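Sequence lines, in order, name chains A and B. Read left to right, the first sequence gives residues 1 to 548 (the numbering used here). Read left to right, the second sequence gives residues 1 to 165 (the numbering used here).
Quick caveat, the hints were computed from the structure, so don't treat them as lab data. Computed from a predicted model, the values in this text were never measured in an experiment. Zero decoy hints are in this set.
Partner residues are not named here, just some residues of chain A that face chain B (Cβ under 8 Å, in silico): (1) V263; (2) L278; (3) M293.
Here are a few chain A residues that sit away from chain B, every Cβ distance over 12 Å (derived from the structure): (4) I68; (5) A74; (6) R84; (7) L86; (8) L101; (9) W106; (10) I112; (11) A175; (12) G199; (13) G202; (14) P207; (15) S371; (16) A375; (17) P415; (18) G520.
Derived contacts from chain B toward chain A, CB cut-off under 10 Å, selection only: (19) L2; (20) V67; (21) A128.
Note that CB positions come from ideal geometry on N, CA and C, so glycine has one too.
Each chain, written out:
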Amino acid sequence: MMNRAPVDILRPRWNPAYFRRAQRGLALVTLALVAGAVVGRLIAGALFGGHPPALILLSVLPALGAMITLAGLAALTFWRPIARFLRRFAVVVFYAAVVGLVALVWVVALAIDRVDGLARAMPGGELTTDAIYHGLPAAIRFRVVSWLLWPLQFPIVRDLIALVGIVGFINLFAAYAIWWERKVAGRIQSRLGPMRVGGWHGWAQSPADGIKLLGKEDLIPAGADRVLFRLAPYLAFVPAVCGFVALPFGSGWVFRDLDVALVFVLALVDIEVLGVILGGWSSDNKWSLLGAMREACQLVAYEIPMGMALLVPVMMIGTLSLTRIGDAQQYGWHSWLAFQNPFAFVAMVAYFIASLASCKRAPFDLPEAESELVAGFMTEYSGFRWCVFFFAEYAAMFIVSALCVTLFLGAWYSPLPASWGTGLANGGLAARAIHGVLFSGPLWFVAKSLFLIFMQMWLRWTLPRIRIDQVLYACVQVLLPLTMLVVLGQTLWQLLVTPGSAVAVIANVLCSLAGAVLLGGFYVLMAHGLLHRRRLVGALAVDHLPGA
Amino acid sequence: MLEAVLFYLFAGVVAVSGLAIVLSRNIVRAAAWLLGALGGVGALYFLMAANFLGAIQLIVYAGGTLVLIVFGVMLTSRHAAAQARPRRWEIIAGTAVCALLFAAMSAALLRTEWSSDANPATGGYPIAEIGNELLTTYLVPFEVTSVLLLVVMIGAAYLARPERK
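Okay, chain A solo, but in the shape it has when bound (with noise of 0.2 Å):
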């Protein structure tokens, strides 16, 4: 008989011979690139005069390759008293790296306006590393900033930064709202949701969800299309970003200010259905095809109310551009495109119904409905390219929670009117701080836009699915002539209303109001279900089967 050691296996070990070869791996490409570091700074120096791009190429990203390295290693050696920290002071570590990337993506911000700064003071050509060196505040006044401030002042380099933040924000995003989501459908559920994996309430099960769906493997049914199957879930992952390139997340942080921007973020949203609707049918799927054909009809229903819906905003202003229409809503609470009459609050309600369509959220989330289709259009789908097609439903329900925040609640500003914080504004970095957590900013935006899909959350472990014929049921029959109402009403308000008359003001508080005391009263409820959080769970609570 062979004599092996028992295989524990709720406790799997992996090859300490691996584990050693990593580290010897990592410990060599470590050294050899804080040796190309030293070597590429002689090189730049002497061969180029230490002209900044050879600098940056041969020295600053070996370094800085070295340092990721030299964590990696670090990692690996001491993963044993890391694992106990991060278990240990879980909350801490969470929300340190909350406000860490939120300090960073500050950081860059405020880097790119001081070369901008420095750049309108020496007006021609382009600036040198000196120019910046000597520009910068006594404190961080290294060779090293300067060299790394320099190539910020290209277009080019700004926007590879623009979209390594958009990236990282959808990823990061995706991920945790999958976490958030569990965690909300635990508790409409009254149970827990993600409990154990990184201690503190799961907070890392979408990360280790995520290196399990990268080992997973990667099937192709046989009678699928194979090359639609495999392009599917870029197709809707890809435009899904692309739509982020033209949204506002405060004024001046938009990749790109088109002046379609509402058009072009709503065309993205649309081409991201197509890649469902393809993932379907390539699938060879009977449950695939209906949940893709299912995706179709109601996409093509759902987006004529929720254009109608648009319009309202669109008329108000009179422009596309989603910077100008943020920036109208500026002079807070009451200044919000939903409060300027009834017919803004009734379109706001139609367009974020008509949006959870558009993302299949719950009550609409036909295409996949898990008790009927299987997984719907996803049926065949595993691994990674399933994982893309969750980032991609993130990232949709981000846009469009993020499209009406921007045209019907305000945008990136808070509920106080700006013209109060303009000395904040205009202060030192703490006043500036200050200014962006009171007044507008992406925090803001990105704060009302987690508004939004948490009542999306909410709806979806509420109400129950609906079929199909009432999905269209609600388009054609309801939510349509209600939006064609709400149009003509919007169009007769403009013109018959002068804006500041009685009408319009009186219109203008109440609809205020009524959107105080919605928001007045989802916080009551929530302090009312944080206060008594145990008395469901105390009455359903059921001990375990004895032996069980």
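Chain B: place on chain A using the hints.
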């Protein structure tokens, strides 16, 4: 430089997808290629700073291709594999019409005097102008188009309605 590279890239996408539409036998796949061709044209519009045209190209043709794919799926069963097998006279007639169209368009392109300093749609706010023009100068064509679309819609509804006695 970058513009030229991007232009040839997108023009290549349009040309390749266009050929692929014609050459692929599978209807749904042809529709997918159509998406590539139309998207490439949209990208070319964006490259020319004609943002409105580009966005409209995407939104109209994405929806259009969507409906086309739906028809492709509905009208053809999967295992007849949605094959399009044209007859010989169909190929000849199609080629002739396309050759004629190609000749006409090339002639028009070659005869036009292109002003080299044309600087389209940069700066300003062209959408408002497009809207004004549509509702003043080009009001009649605009309205006639909408009547045409209405006719199409009524026709489609008539064709799609269930048979009643």
